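Undergrad: Residues per chain, in single letters:
Protein chains: 2
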Amino acid sequence: MPAPAEFIKFIDSNADAFIQRLSDAVAIPSISGDASHRQDVFKMAEWLNAHLKAVGVDTQLVDLGKHTMDGEELPLPPAILGRIGDDKDKKTVLIYGHFDVQPANKSDGWDTDPFALTILPDGKLVGRGSSDDKGPILGWLNVLQYHFQSNKPLPVNLRLCFEGMEESGSEGLDELVEKESKKGGYFDGVECVCISDNYWLNTRTPALTYGLRGLTYFKLTVSGPARDLHSGVFGRTVHEPMTDLIHLMGRLVDVQGKILIPGVEEMVDVAGDEERAIYESLDYTTADIEQSAGAPIALSANKVDVLMGRMRYPSLSLHGIEGAFSGVGAKTVIPAKVSGKFSIRLVPPQTPDAVDPMVISYIEKEFAKLKSKNKLTIENLHGGKPWVADVNHWNFEAAKKATKEIYHQNPDLTREGGSIPVTLTFAESLGVNVLLLPMGRGDDGAHSTNEKLDRANFIEGSKLLGTYLYEIAAIAK
Amino acid sequence: MPAPAEFIKFIDSNADAFIQRLSDAVAIPSISGDASHRQDVFKMAEWLNAHLKAVGVDTQLVDLGKHTMDGEELPLPPAILGRIGDDKDKKTVLIYGHFDVQPANKSDGWDTDPFALTILPDGKLVGRGSSDDKGPILGWLNVLQYHFQSNKPLPVNLRLCFEGMEESGSEGLDELVEKESKKGGYFDGVECVCISDNYWLNTRTPALTYGLRGLTYFKLTVSGPARDLHSGVFGRTVHEPMTDLIHLMGRLVDVQGKILIPGVEEMVDVAGDEERAIYESLDYTTADIEQSAGAPIALSANKVDVLMGRMRYPSLSLHGIEGAFSGVGAKTVIPAKVSGKFSIRLVPPQTPDAVDPMVISYIEKEFAKLKSKNKLTIENLHGGKPWVADVNHWNFEAAKKATKEIYHQNPDLTREGGSIPVTLTFAESLGVNVLLLPMGRGDDGAHSTNEKLDRANFIEGSKLLGTYLYEIAAIAK
Ligand SMILES: [Zn+2]
Ligand SMILES: [Zn+2]
Ligand SMILES: [Zn+2]
Ligand SMILES: [Zn+2]
Numbered sequence: 001m002p003a004p005a006e007f008i009k010f011i012d013s014n015a016d017a018f019i020q021r022l023s024d025a026v027a028i029p030s031i032s033g034d035a036s037h038r039q040d041v042f043k044m045a046e047w048l049n050a051h052l053k054a055v056g057v058d059t060q061l062v063d064l065g066k067h068t069m070d071g072e073e074l075p076l077p078p079a080i081l082g083r084i085g086d087d088k089d090k091k092t093v094l095i096y097g098h099f100d101v102q103p104a105n106k107s108d109g110w111d112t113d114p115f116a117l118t119i120l121p122d123g124k125l126v127g128r129g130s131s132d133d134k135g136p137i138l139g140w141l142n143v144l145q146y147h148f149q150s151n152k153p154l155p156v157n158l159r160l161c162f163e164g165m166e167e168s169g170s171e172g173l174d175e176l177v178e179k180e181s182k183k184g185g186y187f188d189g190v191e192c193v194c195i196s197d198n199y200w201l202n203t204r205t206p207a208l209t210y211g212l213r214g215l216t217y218f219k220l221t222v223s224g225p226a227r228d229l230h231s232g233v234f235g236r237t238v239h240e241p242m243t244d245l246i247h248l249m250g251r252l253v254d255v256q257g258k259i260l261i262p263g264v265e266e267m268v269d270v271a272g273d274e275e276r277a278i279y280e281s282l283d284y285t286t287a288d289i290e291q292s293a294g295a296p297i298a299l300s301a302n303k304v305d306v307l308m309g310r311m312r313y314p315s316l317s318l319h320g321i322e323g324a325f326s327g328v329g330a331k332t333v334i335p336a337k338v339s340g341k342f343s344i345r346l347v348p349p350q351t352p353d354a355v356d357p358m359v360i361s362y363i364e365k366e367f368a369k370l371k372s373k374n375k376l377t378i379e380n381l382h383g384g385k386p387w388v389a390d391v392n393h394w395n396f397e398a399a400k401k402a403t404k405e406i407y408h409q410n411p412d413l414t415r416e417g418g419s420i421p422v423t424l425t426f427a428e429s430l431g432v433n434v435l436l437l438p439m440g441r442g443d444d445g446a447h448s449t450n451e452k453l454d455r456a457n458f459i460e461g462s463k464l465l466g467t468y469l470y471e472i473a474a475i476a477k
Numbered sequence: 001m002p003a004p005a006e007f008i009k010f011i012d013s014n015a016d017a018f019i020q021r022l023s024d025a026v027a028i029p030s031i032s033g034d035a036s037h038r039q040d041v042f043k044m045a046e047w048l049n050a051h052l053k054a055v056g057v058d059t060q061l062v063d064l065g066k067h068t069m070d071g072e073e074l075p076l077p078p079a080i081l082g083r084i085g086d087d088k089d090k091k092t093v094l095i096y097g098h099f100d101v102q103p104a105n106k107s108d109g110w111d112t113d114p115f116a117l118t119i120l121p122d123g124k125l126v127g128r129g130s131s132d133d134k135g136p137i138l139g140w141l142n143v144l145q146y147h148f149q150s151n152k153p154l155p156v157n158l159r160l161c162f163e164g165m166e167e168s169g170s171e172g173l174d175e176l177v178e179k180e181s182k183k184g185g186y187f188d189g190v191e192c193v194c195i196s197d198n199y200w201l202n203t204r205t206p207a208l209t210y211g212l213r214g215l216t217y218f219k220l221t222v223s224g225p226a227r228d229l230h231s232g233v234f235g236r237t238v239h240e241p242m243t244d245l246i247h248l249m250g251r252l253v254d255v256q257g258k259i260l261i262p263g264v265e266e267m268v269d270v271a272g273d274e275e276r277a278i279y280e281s282l283d284y285t286t287a288d289i290e291q292s293a294g295a296p297i298a299l300s301a302n303k304v305d306v307l308m309g310r311m312r313y314p315s316l317s318l319h320g321i322e323g324a325f326s327g328v329g330a331k332t333v334i335p336a337k338v339s340g341k342f343s344i345r346l347v348p349p350q351t352p353d354a355v356d357p358m359v360i361s362y363i364e365k366e367f368a369k370l371k372s373k374n375k376l377t378i379e380n381l382h383g384g385k386p387w388v389a390d391v392n393h394w395n396f397e398a399a400k401k402a403t404k405e406i407y408h409q410n411p412d413l414t415r416e417g418g419s420i421p422v423t424l425t426f427a428e429s430l431g432v433n434v435l436l437l438p439m440g441r442g443d444d445g446a447h448s449t450n451e452k453l454d455r456a457n458f459i460e461g462s463k464l465l466g467t468y469l470y471e472i473a474a475i476a477k
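Top to bottom, those sequences are chains H and U.
Under UniProt numbering, the letters of the first sequence match residues 1 to 477, in that order.
Under UniProt numbering, the letters of the second sequence match residues 1 to 477, in that order.
Careful: at least some of the hints might be erroneous.
Since the list gives no way to pick one copy over another, a pair counts as held whenever it fits inside one copy or between any two copies.
Said to hold, decoys possible - As a list, the in silico SDA-like pairs of lysine to any residue whose alpha-carbon atoms are at most 20 Å apart:
1) K400 with P153
2) K373 with A295
3) K43 with L81
4) K106 with D228
Just so you know, the hints here were simulated from the structure itself, not pulled from any lab data.
Values in this document were obtained by computation on a predicted structure and should not be read as measured data.
My request is simple: use the sequences and hints to build the entire structure.
TA: In structure tokens form, the structure reads like this:
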């Protein structure tokens, strides 16, 4: 069941007004990670709440309490819960989005004011939050506006969950989702979830995303002397913490990306021909990844290997060292205490609970081999499980049909290398299928300078979201 | 020929006035490395010049021009050249010292105002520059004051060279020394040099120092992506610069301090039993080094190995990484460009000219083995040759006698692990024996918080400097 032709027409004919509304939303610098902008996140919540009510959504603002950030106690911005419809004959869909944004300053290298949406001649809508995640939220608003103004009922019952802390760890949201997912809760009866908060694999092909990697993040500290030492006086007389740490960090991953911690790679089965064919079919080349990395540094010339490296295999990255000399110039210091930071992206069936003991035990053994008199401590800073959904579920089938209708092509079925922790929270709390339905393109630069959303993605994407709801309504469970 | 008994008595009976003068000198915050204190270095030069003239030294201030520091063009403080005596029947001795100091703020952890000399009940004179190097300079002033007030001629001809930029690379000094060392120059006729700007090995035994390690400092840069990447999106798809760099840094030195660059260790012969006996005789235990490092982390339980590790073998220290994540917390970044900093302390016959090509060639070979698509650049940031003097030269013999007279014990004959570049400049420009005659103790904390000079070291040290001149006069060349 395609969406009504009037809906498609409505979106097209109101495009300029929708872009103006996006411009209004971008103008509110709702940076959750910057205490000085916390009131702007509240302002953005008020703005969104008012717009949702204006299109007939029954909303409520949920106070999530306080938290401490950079040593300051701050009120958390409210989550917005919304509801339209309670028809027992319709399916109930939960949609999620976030109205906070990453920090942005013109001086970071933006070509334009990040909080003034700029429409470029080629149709790029440039501004912080345009793609992540105000564009998708406003896409839903566009869909709702059509139904409200034309007095048409939605084809499904809708539940909304919008938060203002996604870019800062979604503080308070897990508890809310878990509570409202219970019997009698706000999300009781939800049969599937749709999250529009990621991107196409490339700039050409719409995508549905069915997997996310998990994460486990470690801090490896080697300490020895009571204070930093001068390398002239102490060089070759004492065990140097940096030497020990560099040796340990060098034993975690090889230069081809293979994880050297015994047991970690082994947990993941090797992809067979059939699975490789899925990656082969994706509209992607190694040139795409090299273009987005900005240099010809792909680990393989084979696109399947590169794609599986991101989506299907674990990875280990060395992020840096705290406590060592990190400035410019030449300082001849022996740092007293150095902490190496690294993280492992996890894929099923890996979990932090299963992987962390392997990591700790391996590092302890390798450190023992060094016979150093320094001290080692290993801390896990945070972690999250990977997530994979069933791509043959009716939630995905509906999204495939909707994509075909709007974009006249089959979507890429992708897994993401990163994490969107709330995805797993919804999947586990509700026990239903979760779909990631991206609006933007792979080059949107979500957390970078000159973030943009293409006008075509905003407009066609709004059509896609509406059409998806109609296909959900039509499909057999 | 010991110094006259009146001289010894004069030093003792004027001790309080000498300490007051040291207090006046410490009160001038002559921090050469801080542009906002540059005028204080000039003030200190004026102060010292006036005090030298008051005790009969014929001085001249030498304008060393300008330099650029932290992007600001600054006038260099003058060097002070001084002269007493031109007697053809006397030996001519050049003494060197510096009147600038390291930065110091109470907030760095000082117990007292660093620029107000504090006399502790145990005799410690606490203040920035007390030991490095205002105490030793004022020691010479004490010697000169005796001879001036008692109208006694010095037993030698004296040439003085005091600078105000030692803590900031001795800008301009090399050129001055080289020029004045030539025939007809200010230092023409100098037969030996005495520098009092280092420390005893321990807190108990006076020392003469006859060697310094050289240095060669490298910056090893691996770059790949055009910008920092997100490890979720790019982990296991591209060659990560940090992974490459850590592997390279891990191949430079083993955890026992052995340098892994082929050819570097091999240049230095292994100490024989006779040479080991010299180190065995030093008043030192591994407990001393562990006390000064603040932890039981000595590479060996054998004091000879520990001492030779500092004094007689090269060392390689890994200082840190520029461009990687170095903050607190957990950031999942793949840094685009990372620069590892390390340096090698050199001992004869190693020189930067000989060692640098070995380092560069080895790292290039190891990088090629990694088969990374990232780019490697290797920069040498600075270097200096090691220095070793003949401990049987009459300059050292005179100092040994003087030490025995004042301290009633034989001095430790030491080599230092660090560098005092001007030492080599004097040795090479003048072609004469250079002696390092330390005034302070091993725990003075020259570049650290709560820098101190013990009252006993200041007073007995002043006696030692004077006595040394009498022994120089008496000894056969
Ligand atoms: Zn987002
Ligand atoms: Zn985001
Ligand atoms: Zn000094
Ligand atoms: Zn110094």
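Undergrad: Tell me, please, which holds for K43 and L81 at an alpha-carbon limit of 20 Å: within, between, both or neither?
TA: within (16 Å within a copy, 70 Å between copies)
Undergrad: If the cutoff is 20 Å on CA atoms, where do K106 and D228 land: within, between, both or neither? Let me know, please.
TA: The answer is between: 18 Å across copies meets 20 Å, while 38 Å in one copy does not.
Undergrad: At most 20 Å between CA atoms: does that hold for K373 and A295 within a copy, between copies, both, or neither?
TA: Result: close only across copies, 9 Å inter versus 42 Å intra.
Undergrad: Give the relationship of K400 and P153 under a CA distance limit of 20 Å: within one copy only, between copies only, both, or neither.
TA: Neither: 23 Å inside a chain and 103 Å across chains, both beyond 20 Å.
When the structure is compared with the earlier hints, a violation turns up for hint 1 alone.
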